[in-house]
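Chain by chain, the residues run as shown.
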Amino acid sequence: MFGYAVAQGNVRGSTAVSPEAQTIRDAVTAVVERAEQSQALFGAKAASISQLQAMVNECSQPNWDGEDAVAINPIAVFLTEQFVRALPDAIPLPEFAPEPDGSITLDWIPSHHRMFSVSVGASARLAYAWLDGSDKGHAVARFEGDRVPKRIIDGIAAIMNHGYVTLRTA
Amino acid sequence: MATLPSGLPDLVAEAEDLTRFITQTNHFNSTMAKPAAFLPNPKYRNTSVFRCGPDPELILQTWQKTNLGDRPLKAAATCKAGDVRKAGLDAIAKEPPPAHANLEGWPWFANDPDLQKAKQLELAQSIAQKSVLVSVAFP
Numbered sequence: 001m002f003g004y005a006v007a008q009g010n011v012r013g014s015t016a017v018s019p020e021a022q023t024i025r026d027a028v029t030a031v032v033e034r035a036e037q038s039q040a041l042f043g044a045k046a047a048s049i050s051q052l053q054a055m056v057n058e059c060s061q062p063n064w065d066g067e068d069a070v071a072i073n074p075i076a077v078f079l080t081e082q083f084v085r086a087l088p089d090a091i092p093l094p095e096f097a098p099e100p101d102g103s104i105t106l107d108w109i110p111s112h113h114r115m116f117s118v119s120v121g122a123s124a125r126l127a128y129a130w131l132d133g134s135d136k137g138h139a140v141a142r143f144e145g146d147r148v149p150k151r152i153i154d155g156i157a158a159i160m161n162h163g164y165v166t167l168r169t170a
Numbered sequence: 171m172a173t174l175p176s177g178l179p180d181l182v183a184e185a186e187d188l189t190r191f192i193t194q195t196n197h198f199n200s201t202m203a204k205p206a207a208f209l210p211n212p213k214y215r216n217t218s219v220f221r222c223g224p225d226p227e228l229i230l231q232t233w234q235k236t237n238l239g240d241r242p243l244k245a246a247a248t249c250k251a252g253d254v255r256k257a258g259l260d261a262i263a264k265e266p267p268p269a270h271a272n273l274e275g276w277p278w279f280a281n282d283p284d285l286q287k288a289k290q291l292e293l294a295q296s297i298a299q300k301s302v303l304v305s306v307a308f309p
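Listed in order, the protein sequences are those of chains A and B. Residue numbering for the first sequence follows our numbering, starting at 1 and increasing by one per position. Residue numbering for the second sequence follows our numbering, starting at 171 and increasing by one per position.
The set of hints was computed from the structure by calculation and includes no laboratory data. One or more hints might be untrue.
As the list claims (entries may be wrong) - Among the chain B residues that face chain A by a calculated CB cut under 8 Å, a handful are:
{"#": "1", "residue": "211"}
{"#": "2", "residue": "285"}
{"#": "3", "residue": "288"}
Glycine included, each C-beta is placed from N, C-alpha and C at the ideal position.
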């Protein structure tokens with residue numbers, strides 16, 4: 001953190017003019033920009049996981065809905081957090097919703113007529129469904145914990161970008 | 171056609187409004203009820219709804235007559251029985267409590283619960299798409 005602060009100071013306060021100094025300055029600028037982007041992203045994901053935890057607290061006991069719902073499954077919570085952390089930077093963060101069987105739905109809902117939902121339960125196989133006007137469907141994909149399945153990433157991107165997949169996944 | 175204790179016909183008509191009471195704030199956003207609000211209870215394999223329209227006064231009256239009344243009502247979502255049937259489910263009257271009905275016909279695959287959930291999500295999305303969020307809060 002101290003090195004980052006020093007680098008920030010170098011970038012913003014530097015008056016160096018030699019080619020070598022300019023090269024160093026450009027490199028430091030790139031590092032600082034990258035660090036700031038990571039911080040902003042980490043903050044957004046941390047806020048999203050805080051929202052998840054708040055929901056889990058409300059639904060941690062059976063019958064949280066008054067209709068005999070099952071308490072939210074701790075494995076589902078763990079997998080959901082992993083899923084959020086593994087989402088590529090260009091994908092918007094989801095809304096969360098508890099399911100009556102203790103699973104968690106992650107929703108991307110740009111409008112009434114377009115939505116993508118992923119259900120995370122106690123299994124590494126993720127159920128998902130999409131609705132895009134009159135086009136709809138469902139499928140299952142395996143989540144390994146460190147990378148969101150490409151089919152799910154492409155599906156979310158298509159719904160959020162109005163049918164155009166513009167994301168590159170690693 | 172037979173009549174139920176509430177005075178409603180025993181068959182739910184296509185044009186009837188069905189209201190899902192929402193007691194969880196994460197089951198809706200600023201514009202609509204989320205699909206999870208309609209997913210079936212795994213114990214009963216159906217989704218509980220009430221045969222009343224989008225009028226907030228009527229929704230509150232119906233809510234107060236149910237056994238769920240000690241739980242805060244956060245919102246409600248209303249859809250037509252015909253839209254439920256077009257999605258592939260059915261609306262079946264089930265009293266008491268008065269005006270109660272269930273959304274029945276959800277898929278259950280004993281050999282693949284994950285695929286079962288995926289299909290249920292697709293159906294829940296179809297109903298969420300057609301539903302109207304009603305802003306009511308009680309108490």
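Tested hints:
Using the Cβ-Cβ criterion of 8 Å, the hint placing residue 211 of chain B at the interface with chain A is satisfied: the shortest such distance is roughly 5 Å. Taking 8 Å as the C-beta contact cut-off toward chain A, the hint placing residue 285 of chain B at the interface holds, the least distance being around 5 Å. With its C-beta approaching chain A no nearer than about 4 Å, residue 288 of chain B sits inside the 8 Å limit, and its interface hint holds.
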